[in-house]
Amino acid sequence: MAVGGVIGALLRELLEVAVPPVHGFPLATLLINWSGSFVLAWFYTVTIWRFKVPQWLRAGIGTGIIGAYTTFSTFAVETNALLMHGQSATALLYVVLSLVGGFLIALLGSHLGGERREIG
83 MAVGGVIGAL LRELLEVAVP PVHGFPLATL LINWSGSFVL AWFYTVTIWR FKVPQWLRAG
143 IGTGIIGAYT TFSTFAVETN ALLMHGQSAT ALLYVVLSLV GGFLIALLGS HLGGERREIG
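When you read off a place in the sequence shown, starting at 1, and then add 82, the result is the number in this note's numbering.
What the hints contain is simulated information worked out from the structure, not anything from laboratory work.
In this text the structure is predicted, and so the values were computed from the model without any measurement.
We put the beta carbon where it would ideally sit given N, CA and C, even for glycine.
Warning: the hint list may mix true and false statements.
Stated by the list, open to error - Now the in silico label distances, taken between C-beta atoms and shown as ranges:
(1) V178 - L97: 14 to 24 Å
(2) V159 - W131: 34 to 44 Å
(3) H167 - L97: 16 to 26 Å
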C-alpha cells in the first residue's frame, strides 16, 4: 500500500501541475476525483465479481494508488477558498459537480466493470 500511495500521490501532483485552475475553478481536483471514482468503481467491480485478485493487490491499488490519487481534503479546502473569496456560485457548482458527478461516474465505472457474478 505504501508504494501504491507514493504512485498515487505523484500522479495527483502531475495532474495538479498540468491542469491549472480555470477562473479560480479547481479543475484539476475535479478531474482527479472523477477519474479516481471511475477507476476505483471499475477496478473493484472487476476484481471482486469477475476475476480473482489477491486482497493485498486489490488494497495496494484501490487504497494505495487510487486512495492517494484522489483527495477529499483538497476538495474541502478548495471549496472553502472559493467561499472565502466570495465565489459562492462557483463553490456550489464545484460541490455539485464533485459529489453528483463523482457518484454518477462511479456508477458508470461499476457498470463498465461488467456483470456481477460469483466466481468459483
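Okay, the hints, checked on the actual structure:
no., hint, verdict
1, V178 - L97: 14 to 24 Å, "holds, 21 Å"
2, V159 - W131: 34 to 44 Å, "holds, 35 Å"
3, H167 - L97: 16 to 26 Å, "holds, 23 Å"
Violated hints for the displayed structure: none, as all numbered hints are satisfied.
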